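Note that the protein sequences, when read in sequence, are chains A and B.
Going by our numbering, the letters in the first sequence line up with residues 1 to 321, in that order.
Going by our numbering, the letters in the second sequence line up with residues 322 to 609, in that order.
If you're looking for bench data, these hints aren't it; they were derived computationally from the structure.
Here the structure is a predicted model, which is why all the values come from computation and not from measurement.
Treat the hints loosely; a few may be bogus.
Listed next, the in silico DSBU-like pairs over lysine-lysine satisfying Cα-Cα at most 35 Å (straight line) [what the hints assert, rightly or not]:
1) B:Lys417 to A:Lys207
2) B:Lys546 to A:Lys315
3) B:Lys488 to B:Lys381
4) B:Lys428 to B:Lys601
5) B:Lys544 to A:Lys50
6) A:Lys207 to B:Lys488
7) A:Lys78 to A:Lys61
8) B:Lys381 to A:Lys205
9) A:Lys207 to B:Lys381
10) B:Lys417 to B:Lys490
11) B:Lys546 to A:Lys27
12) A:Lys205 to B:Lys492
13) B:Lys417 to B:Lys546
14) A:Lys315 to B:Lys490
15) A:Lys78 to B:Lys363
16) B:Lys598 to A:Lys50
17) B:Lys589 to B:Lys490
18) A:Lys205 to B:Lys488
19) B:Lys546 to B:Lys467
20) A:Lys207 to B:Lys492
21) B:Lys598 to B:Lys363
22) B:Lys598 to B:Lys381
23) A:Lys207 to B:Lys601
24) A:Lys315 to B:Lys492
25) B:Lys467 to A:Lys78
26) B:Lys467 to B:Lys381
27) A:Lys315 to B:Lys488
28) A:Lys205 to B:Lys428
29) B:Lys598 to A:Lys207
30) B:Lys490 to A:Lys207
31) A:Lys260 to A:Lys124
32) B:Lys417 to A:Lys30
33) B:Lys598 to B:Lys428
34) B:Lys488 to B:Lys417
35) A:Lys50 to A:Lys61
Simulated restraints on C-beta separations [unchecked claim]:
36) A:Ala314 to B:His554: 35 to 41 Å
37) A:Val48 to B:Ser499: 45 to 51 Å
38) B:Ser526 to A:Met121: 45 to 51 Å
39) A:Ala105 to B:His605: 29 to 35 Å
40) A:Lys260 to B:Ser499: 58 to 64 Å
All residues carry an ideal CB built from backbone N, CA and C; glycine is no exception.
Here is how the chains run, residue by residue.
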Amino acid sequence: MVTNPLGLDDSSGLTQPPSAGDIFVNKSFKALTAFFTWATILLLAYIVFKIGSEALPAVSKYGLEFLTSTTWDVNEGKFGILPEIWGTLYSSLLALGLGGFFGIAIAIFLTQDFLPYRVEMVLKNIIELLAAIPSVVYGLWGIFVLIPLLRPMCNFLNTNFGGIPFFSTSLSGPGMFPAALVLSIMILPTVAAISQDAFRAIPLKTKEAAFGMGTTRWEAILRVMIPTASGGIFGALVLGFGRALGETMALAMLIGNSNKISLSLFAPGNTLASLLALNFPEAGNHETSVLMYAACILLLITLLVNIAGAFIIAKTGSGGK
Amino acid sequence: MEATPLSTSPTTQETCNCESVCFVGSEATLPADVALDCQVEKIYYGDFLAVRDSYVPIHKNQITGFIGPSGCGKSTVLKSINRMNDLIRGFRFEGKVHFHGMDIYDKSVDPVSVRRNIGMVFQQPNPFALSIYENVAFGLRLNRFKGDMDEQVEKALRGAAIWDEVKNKLKNNGLSLSGGQQQRLCIARAIATEPRVLLMDEPCSALDPIATRQIEELMIQLKEKYTVAIVTHNMQQAVRVADQTAFFAVDISSGGRTGYLVEMAPTKELFENPQQKLTKEYLHGDFS
Ligand SMILES: Nc1ncnc2c1ncn2[C@@H]1O[C@H](COP(=O)(O)OP(=O)(O)O)[C@@H](O)[C@H]1O
Ligand SMILES: [Mg+2]
C-alpha cells in the first residue's frame with residue numbers, strides 16, 4: 001500500500017495516488033519518446049555529415065564550376081551537373097504547374113458544396129490513394145501506356161508548331177513531357193490534400209459574409225475562399241514542388257537520362273535524382289565522391305524548398321483564422 | 322432602369338424586368354413609410370415549421386427591433402428578408418416579402434441581386450482575410466463600381482464611425498482589428514454599396530459594453546440614410562435604439578416549437594402599454 005503523500009483520508013477508496021507502477025511507466029514512456037526523437041535528429045545529422053564528408057574531395061577539386069559545367073565524362077574526369085539541375089527544376093516546375101492547377105481545382109470541387117459530404121469524403125480518399133502507388137509502377141505505366149499515347153500528339157505539335165521552342169523536337173520515347181506529366185500526377189495528392197485542409201479551415205461565417213454581400217457561388221470562391229485559403233494553398237504548392245524535386249524512380253525511367261539542356265518538352269533530359277540512381281552502381285571511388293557532391297546539391301535544394309513550405313504554412317496558419 | 326447605380330446585378334435584368342413588369346401594383350398597397358413588407362405565412366426547415374403567421378413591416382429610415390426568447394425565429398425571419406436562408410438545405414418560405422415594388426420570393430427574382438440590395442451584418446464579426454480597404458471595396462468591386470473607389474471607401478468607413486481608427490492602416494488585414502472594430506468594418510463593408518435596407522442579427526452580442534455602445538450610436542446615425550432591422554436578445558438595447566419593436570414568441574401548443582409574431586408597435590408603446598398578455602409577461606421578465 002502506497003501512503004498518500006497529501007495525507008488525505010482515503011476511506012472512500014475513490015481517489016488513489018498513482019502507483020509506483022504508474023509512475024514507472026510514465027517515466028519510461030517519456031524517456032523512450034525523448035530517445036527516439038533525439039535518435040532521429042542524430043541520424044539526420046549523421047547522414048548529412050557523412051554525405052558532406054564523402055563529397056569533400058570532389059568539392060575541393062571541382063568547386064563551384066561543378067554547378068555550371070555541362071559535361072559528365074568519367075574517362076576524362078570531367079564532371080558538371082548544370083543539365084541535371086536544369087532538368088530537376090524544369091521537370092518539377094512543369095509538374096507543379098499541372099499538378100498544382102488540378103490539385104487546387106480538385107480541392108475546390110471537394111470542399112465548396114458541389115457534392116454531398118459523403119461523396120466528398122469518398123473522392124478525397126480515392127485521390128489520396130494515388131500517393132500509395134509505388135513510383136516504379138508509375139514509371140512502367142508511363143513507358144508502356146503514356147508515352148505511346150502521347151507520341152502522336154507530341155509529334156503533331158512538333159511538325160506543325162516546331163517554331164515554338166517548347167515543341168522544337170519530336171518525342172522519340174522518354175522525354176521531359178511524359179516525365180513531368182507523371183510527376184504531376186504523383187504530386188497531385190499532396191497539393192490536393194493540403195489545399196483541401198486550407199479550404200476546410202475557413203469558418204462558416206466567412207462564407208456567410210461572402211453570400212451576404214451578394215456574391216454568386218463563383219464570386220465567393222474566387223474573391224473570398226481562394227484569398228482566404230491562399231496561405232495554405234501556397235504551402236501545398238511548395239511541398240508538392242519539394243516532392244517533385246526528390247522523386248527518382250519514375251523519372252529515371254521516363255526522362256531519357258541525357259545530359260542536355262533544352263527548352264523542348266519532348267527532348268530527353270536528366271535530373272539530379274536519376275543521375276544519382278543510375279550512376280552509383282558502377283561508380284568508382286572518385287566518382288562516388290562526385291556523386292555525393294551532386295547529392296548534397298539535391299539535398300540543399302529540397303531542404304530549402306521544404307523549409308520554405310513549412311514556414312509559409314506555419315506563418316499563415318494554413319488558411320483563414 | 323437601375324434603381325441605385327451602386328447595386329446592380331446583371332442577372333436581374335436578364336431574368337426579369339422586375340420593377341416595371343412583374344410587380345406593378347403591389348407597391349400601391351404598401352404604405353409610403355414602409356420600406357419593406359415582410360409577410361411570413363410559414364417558414365420550414367425540412368419538415369420543421371419554424372415560424373408562422375408573422376407580418377412585419379419594416380419602416381423607412383427607422384430601426385425595427387426584433388425581440389423574443391431564443392429559438393423563437395427572430396434570426397430565421399431576418400435572414401429570410403434577404404434570402405440568406407436559401408443557402409440552408411431544406412429551407413422553405415411561404416409568404417411574401419414586398420420590397421421596392423416586387424416580391425423578393427418571386428421565381429423570377431435572383432437571390433444574389435436581393436442580397437446586393439439588402440445588406441447584412443452578422444452576430445460574429447466576419448471580415449474577409451483581406452486588407453481593411455479591400456474589405457470595404459469588396460461590394461463595390463462586386464457591383465463593378467466605376468466611380469472614385471478611395472472616396473467611396475472612405476465614405477463607408479466614416480459612415481461606420483471607424484475611419485479615424487483605421488485611416489493610417491488601410492492596408493492591414495481586417496482580421497487584425499479588435500472585435501468591435503471588426504464589427505464596424507463589417508458595417509462599413511455592408512453600407513459601402515449603399516443598400517436600402519440593412520439587416521443586423523445580434524450585431525453586439527460578441528462585443529464588450531463599450532463597443533456595444535459605439536455600434537448602437539452608429540445605428541442611430543445610420544437610420545438617417547438607411548432602413549435598419551435588428552435582432553437583439555437585449556431588451557434595453559431595443560429600448561435604446563429601436564423605433565419599432567416586434568415581439569416574437571414560441572408557440573408550443575400544437576406540439577411543435579413554432580415561432581410567431583405576438584405583437585409589433587412603436588417601441589415606446591409596446592414597452593409602456595403592451596396589448597398582449599404574453600408581451601406583458603415577457604417584458605416583466607416572467608420568461609426569457
Ligand atoms: N439551419 C437550421 N436548420 C434547422 N433548424 C433551424 C435552423 N436554424 C434555426 N433552426 C430552428 O428554427 C428555430 C428558430 O431559430 P432562430 O431563428 O435561430 O431563433 P432565434 O434567432 O430567435 O434564436 C429554432 O427552433 C431553431 O432550432
Ligand atoms: Mg438568432
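Tested hints:
no.	hint	result
1	B:Lys417 to A:Lys207	26 Å, holds
2	B:Lys546 to A:Lys315	42 Å, violated
3	B:Lys488 to B:Lys381	31 Å, holds
4	B:Lys428 to B:Lys601	40 Å, violated
5	B:Lys544 to A:Lys50	74 Å, violated
6	A:Lys207 to B:Lys488	27 Å, holds
7	A:Lys78 to A:Lys61	11 Å, holds
8	B:Lys381 to A:Lys205	28 Å, holds
9	A:Lys207 to B:Lys381	29 Å, holds
10	B:Lys417 to B:Lys490	44 Å, violated
11	B:Lys546 to A:Lys27	68 Å, violated
12	A:Lys205 to B:Lys492	22 Å, holds
13	B:Lys417 to B:Lys546	25 Å, holds
14	A:Lys315 to B:Lys490	21 Å, holds
15	A:Lys78 to B:Lys363	84 Å, violated
16	B:Lys598 to A:Lys50	87 Å, violated
17	B:Lys589 to B:Lys490	42 Å, violated
18	A:Lys205 to B:Lys488	26 Å, holds
19	B:Lys546 to B:Lys467	22 Å, holds
20	A:Lys207 to B:Lys492	22 Å, holds
21	B:Lys598 to B:Lys363	24 Å, holds
22	B:Lys598 to B:Lys381	29 Å, holds
23	A:Lys207 to B:Lys601	39 Å, violated
24	A:Lys315 to B:Lys492	18 Å, holds
25	B:Lys467 to A:Lys78	64 Å, violated
26	B:Lys467 to B:Lys381	28 Å, holds
27	A:Lys315 to B:Lys488	26 Å, holds
28	A:Lys205 to B:Lys428	27 Å, holds
29	B:Lys598 to A:Lys207	41 Å, violated
30	B:Lys490 to A:Lys207	25 Å, holds
31	A:Lys260 to A:Lys124	39 Å, violated
32	B:Lys417 to A:Lys30	66 Å, violated
33	B:Lys598 to B:Lys428	39 Å, violated
34	B:Lys488 to B:Lys417	42 Å, violated
35	A:Lys50 to A:Lys61	18 Å, holds
36	A:Ala314 to B:His554: 35 to 41 Å	39 Å, holds
37	A:Val48 to B:Ser499: 45 to 51 Å	46 Å, holds
38	B:Ser526 to A:Met121: 45 to 51 Å	34 Å, violated
39	A:Ala105 to B:His605: 29 to 35 Å	59 Å, violated
40	A:Lys260 to B:Ser499: 58 to 64 Å	60 Å, holds
Hint compliance for this structure: hints 2, 4, 5, 10, 11, 15, 16, 17, 23, 25, 29, 31, 32, 33, 34, 38, 39 are not met, and every other hint is.
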